[in-house]
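Colleague: With chain Z held as given, fit chain F onto it using these hints.
Sequence lines, in order, name chains Z and F. First residue of the first sequence? That's -14 in the working numbering, and the numbers climb one at a time after it. First residue of the second sequence? That's 2 in the working numbering, and the numbers climb one at a time after it.
Simulated from the structure, these hints should not be mistaken for laboratory data. Mixed in with the good hints, there may be bad ones.
Said to hold, decoys possible - With a straight-line Cα cutoff of 30 Å, these simulated BS3-like cross-link-like pairs (lysine-lysine) come out: (1) K264(F) <-> K410(Z); (2) K410(Z) <-> K390(Z); (3) K264(F) <-> K400(Z); (4) K62(Z) <-> K390(Z); (5) K201(Z) <-> K264(F); (6) K264(F) <-> K122(Z).
Given the structure is predicted, the values throughout are model-derived calculations rather than measurements.
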Amino acid sequence: MKRNLLIIALACLLLVPGFVFAQPAAEESASGTMRLAWWGNPTRDERTLKAADMFMAKYPEIKIETETTGWGGYWDKMNTQAAAGSLPDLMQHDYAYMLQWVSRNQLADLTPYIQKGIIDLSKINDSFLSGGRVNGKLYGISLGTNAVCLTYDPAVLAKAGIPEPDSATWTWEDFERIALEIYRKTGVQTIPFFTTDPKVGFDNMIRQTGAATFGKTGLGFTDPSALREFYAIQLRLLDAGALIRPEVAFVTVTPEEGEFAKGRSWVEFIWSNQFVSTQAAAKRPLKLALLPNIKNAKAKGTFLKPSMFFSIPASAENPEAAAKFLNYFLNDITVNDMLMGERGVPIPDDVRDHMSTKVDAINKQIFDYISLASKNAGPIDPPDPAGSGEFLKMVRDVTQEILYKRISLDNGVSKIMTQGNQILK
Amino acid sequence: MKHINRRTRTLMDDAAGYAFISPWLLGFIAFSIIPILFSLYYSFTDYDILGEPVFNGLENFRRMAGDQLFWQSLKVTFFYAFVSVPLRLLFAFFVAMLFNRGTRAIRFYQAVYYVPSLVGGSIAVAVMWRRLFMADGALNAVLAKFGIITEYSWIGNPDTAIWTLIILAVWQFGSSMLIFLAGLRQIPKELYEAASIDGAGAFRKFLNITVPQITPVLFFNLVMQLINGFTVFTQAFVVSGGSGDPLNSTLVYALYLYQRAFKFYNMGYSSAMAWVLVLIIGVMTGIVFKTSSSWVFYEAKEGK
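Okay, chain Z solo, but in the shape it has when bound (with noise of 0.2 Å):
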């Protein structure tokens, strides 16, 4: 008896390890099984699992396993398993993040499989690369290009009776003028810009005095009335009645429940690619439009951004696995045909052009949109440098001290100039 339970004791502790390192146990890179991981929502999900299964179906001697979930657990797992070293094949990355990871040895450099034929760039536009080049070497792949925009109910316009804007001439003051006649005529107000990342906003207005948000240290612009601007309109629209308040604009919500799906705002801030999300939330015919220009800008403030890439690690256990994916998934036809431009305007010249002819209205308006941002558009800036996410988050708490008057302007525009260069020095 006493014998059986030390026994059934022993199997316990037996168990235990199995169960507790199982998961390491490393697959040989010759087996063919290659792990892809990506941020995503579930039409994504539901696409990009379709296209590992084409790519099965095709390449059955190469086996894909996934792991998905949405932005933000997206990076706690990455970054876990960078620490742990256990990163996938292939896995999606971001501008923001690129250097970090590049400049910490994390992923691997691209150019090899290129030279080897693994994956073809014949058909890519070179801008549309360099958004993945540091220092010369190839570290990420574009899935398509995205633009900041804003997107505007041209109902409400025309209830007003004001007519459309021309995106690539109309001004801030415009865009002023149009939102406080829209909010006598019709009781409809403004959201206030980028509640999410206000440095989106202001970004591109500093971009048109000819600088940058991010220098190589510190802030990249000196002269602040720019960002004084950006705070200065909306302030006056909230004075004026015409803006919703900060009290509602921040609080987090489901696209579902925003104030602008819900027709109390005309105009809501976006990336180009959330446009699908944002039209069906509201509900109803939406437009695209350029964000305004300030006066006497020097420079473009839009950029065409690459949405995501997909990066090889530099742990990659099958790398060349990961690379014949990445290149089906850039290059063939079929599988775009599927995947409907869902991460953004592809970016080889024969898959773009296919796709045009194919996409329903919604995706057709994004398409237009890249092509008339593209004519506009300025080149990109470096990539977010160390420390972007606490000056984020300081710009978004001094956003809202600015907004719901806990601080003048001027004090709140100068915390930001300090702060900032503090933040990133």
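Modeller: Okay, now just chain F, sitting in the frame of chain Z:
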């Protein structure tokens, strides 16, 4: 010979015991002890997850002293803990008293009232909480029925946002309530009967029998809930979308710690913050233990 035999047998017994708890023990070592030791080490380093940790002595703790958001998160957390814990315990005790009178469907109600404790950190509740307390939410709709027309955003205003989290905490009173209920059932009936014979009223019985008899349970609940209160994370995270909005008025300590770790990648700094929190909770629990002798009633002492 016999002596050795006994010793081997004890050893065998011990080994069997440890082997039986080994699944838990190994899990505890792998997922608690080792990470805890690592975090102690990281708290003295500059570590951004992707690179190697670099030893920097007490620098993290020094930085904390000058970090405004650190002090803000402490302020928020102390306020939250000191308000929500007593309220939750009072409410739990009140409901337990009601149940103790014996209702027919008591088990059903117990289960129902425990549900909020299970779902409190879920996204569905976060959405519901926003719907309750936003400018065009349910609360204002109810107020309008009473003639109070307001567009006040309870959840979007820095003066009231933390109260929405406190109400959420009070609403999750289930586990404390069950423990109180078990405690109430333990109180000997004879005490009440004796008091009745002596002519004591209901309030008198409550004050002189129920309250002293329940203090050991209250003590346990207080310690547990205090620890819960200081480590609150999920509710603040889901309701504010991880931001601590508005104006950092719901930026509780654990949420700021999370932001430092996974938004700013200051792993070393956030590990140091975690150890400061351990210290704070240790001191708070210590105070409760120290004072317990003067307010917790133990039957054994009564006999002397």
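Colleague: Can you confirm whether the C-alpha distance between K410(Z) and K390(Z) stays at or below 30 Å?
Modeller: Holds. K410(Z) to K390(Z) sits at ~29 Å (cutoff 30 Å).
Colleague: For K201(Z) and K264(F), compute the direct alpha-carbon distance and say whether it is at most 30 Å.
Modeller: holds, 21 Å
Colleague: Is K264(F) close enough to K122(Z), meaning Cα to Cα at most 30 Å?
Modeller: Roughly 27 Å separates the two Cα atoms, so the pair holds.
Colleague: K62(Z) and K390(Z): Cα distance at most 30 Å?
Modeller: violated, 38 Å
Colleague: Check whether the Cα positions of K264(F) and K410(Z) lie no farther apart than 30 Å.
Modeller: The hint holds at about 18 Å.
Colleague: Given the hint that K264(F) pairs with K400(Z), test it: the Cα-Cα distance must not exceed 30 Å.
Modeller: Holds, at about 21 Å.
Against the hints set out earlier in the document, a violation occurs for number 4 only.
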